[in-house]
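One-letter residues, chain by chain:
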Amino acid sequence: MFTVVMYILAVIFLIVSFFKDRKKTKMALKKAWKSFENILPAFAGVLALIGLVMTVLTPDIISKIIGANTGFLGMFLTSIIGSITLIPGFVAFPLAATLLQKGAGVMQIAVFISTLMMVGFVTLPLEISYFGKRVAFLRNVLSYIFSFIVALIIGMVVR
Amino acid sequence: MNFIKKYALFIFIMIIDISIFIMDKKLGTKIFISTKNNFLNMLAVIPPIFLLLGLLDTWVPRETIIKLLGEGSGIKGIMLSIFLGSAAAGPLYGAFPVAEVMMKKGAKFSNILIFLGAWSTLKIPMFLFEMTSLGTKFAVTRWIVDVVGIILIAAFIDRIISDEEKKMIYGKYENNRQV
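Protein sequence lines, in the order shown, are assigned to chains A and B. Mapping of the first sequence onto our numbering: position 2 corresponds to residue 2, and the numbering continues sequentially without gaps. Mapping of the second sequence onto our numbering: position 101 corresponds to residue 101, and the numbering continues sequentially without gaps.
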């Protein structure tokens with residue numbers, strides 16, 4: 001859905017740009033290709049890494065680990081899983097809902113959702129190539145710590 | 001040689017994949033199928049993003065971005081960064097090339113970080129989906145706490161990273177900049 005909108009937008013803008021200024025349009029295409037080419041090596045590595053990790057760590061295995069544990073240890077485990085895996089939201093939210101029904105704690109689930117979105121362990125090489133080591137590490141570490149704060153607050157609000 | 005160095009991570013993972021395949025054909029096949037799907041997904045999602053960024057890069061003047069998101073853009077710059085990030089969809093790695101163009105055009109570093117944070121957790125389409133599966137209370141609480149957290153994290157990183165380091169990060173994108 002989002003992709004379709006993006007394609008339509010891109011094509012419309014491309015046509016408008018083409019009629020306004022052919023030279024500039026050519027330059028825009030060149031720039032688009034160049035920035036894609038620059039990032040392709042890191043991208044290819046990360047996509048391969050995701051393919052490997054996600055096959056070994058299936059949602060099934062994840063649900064077993066979360067379901068079996070509670071308390072801080074459970075939160076710690078879910079935070080690690082959330083940081084490492086890259087599950088799209090439309091899979092993660094229903095999974096989280098099912099786990100909640102099966103008796104997993106709200107805080108464990110909250111920390112899982114939060115780290116899943118904010119912390120990207122497997123995409124770290126890509127992030128480093130854009131922003132450098134320090135910024136990438138800082139952003140991920142701070143986001144990791146922050147995920148526990150979010151979880152504590154959600155745990156207080158949602159009963 | 002340069003090729004091997006560039007694709008080091010990819011080659012490394014492929015070696016692991018192939019070793020797994022030799023030991024366990026079933027698991028290995030699964031890994032290759034999932035990797036292939038990841039590439040196909042990426043190839044479906046990425047082209048319009050880079051195309052739009054290329055157009056943005058050539059058509060939007062630097063002054064406009066500096067005015068909207070640069071030094072002295074203040075609260076408005078922060079709000080615009082949050083809006084831009086949350087209007088998006090797709091995985092966080094889609095935000096990186098966008099951030100690159102923002103840096104090229106002179107957006108403030110803290111606003112880049114806020115944009116990344118917003119993209120990672122505040123996306124509106126995801127938020128609507130989260131409400132239906134985990135409940136309004138859960139989703140709304142997370143959203144509000146995250147807005148505060150993202151701004152605090154951005155401010156903190158902005159403080160810790162020195163001006164020279166920022167110049168180095170921005171400098172990577174200076175060379176192919178349009179004047």
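Careful: at least some of the hints might be erroneous.
[As the list claims (entries may be wrong)] Below, a list of computed lysine to aspartate or glutamate pairs in the DMTMM-like style, where the Cα atoms sit at most 20 Å apart: (1) A/LYS34 to B/ASP57; (2) B/LYS172 to B/GLU100; (3) A/LYS34 to B/GLU174; (4) A/LYS20 to B/GLU71; (5) A/LYS133 to B/ASP158; (6) B/LYS167 to B/GLU71; (7) B/LYS5 to A/ASP21; (8) A/LYS24 to B/ASP57; (9) A/LYS23 to B/ASP57.
Simulated from the structure, these hints should not be mistaken for lab results.
Just to be careful, I want the Cα atoms of A/LYS34 and B/ASP57 compared with a cutoff of 20 Å; is the pair within it? The hint holds at about 12 Å.
For B/LYS167 and B/GLU71, compute the direct alpha-carbon distance and say whether it is at most 20 Å. Holds, at about 14 Å.
Under the criterion that the straight-line Cα-Cα distance not exceed 20 Å, is the pair A/LYS23, B/ASP57 satisfied? Within the cut-off at roughly 14 Å; holds.
Holds or violated: A/LYS133 with B/ASP158, Cα cutoff 20 Å? Measuring from Cα to Cα gives roughly 14 Å; hence the hint holds.
A/LYS20 and B/GLU71: Cα distance at most 20 Å? The hint is violated at about 31 Å.
With the threshold set at 20 Å, check whether the alpha-carbon distance from A/LYS24 to B/ASP57 stays at or below it. It holds: about 10 Å lies between the C-alpha atoms, which stays within 20 Å.
Are B/LYS172 and B/GLU100 close enough, with their CA atoms no more than 20 Å apart? Judged against 20 Å, a Cα distance of about 9 Å means the pair holds.
Quick one, are B/LYS5 and A/ASP21 close enough, alpha carbons at most 20 Å? violated, 39 Å
Would the pair A/LYS34 and B/GLU174 pass a check requiring their Cα atoms to be no farther apart than 20 Å? Judged against 20 Å, a Cα distance of about 14 Å means the pair holds.
In the structure shown, a violation is registered for the earlier hints numbered 4, 7, in ascending order.
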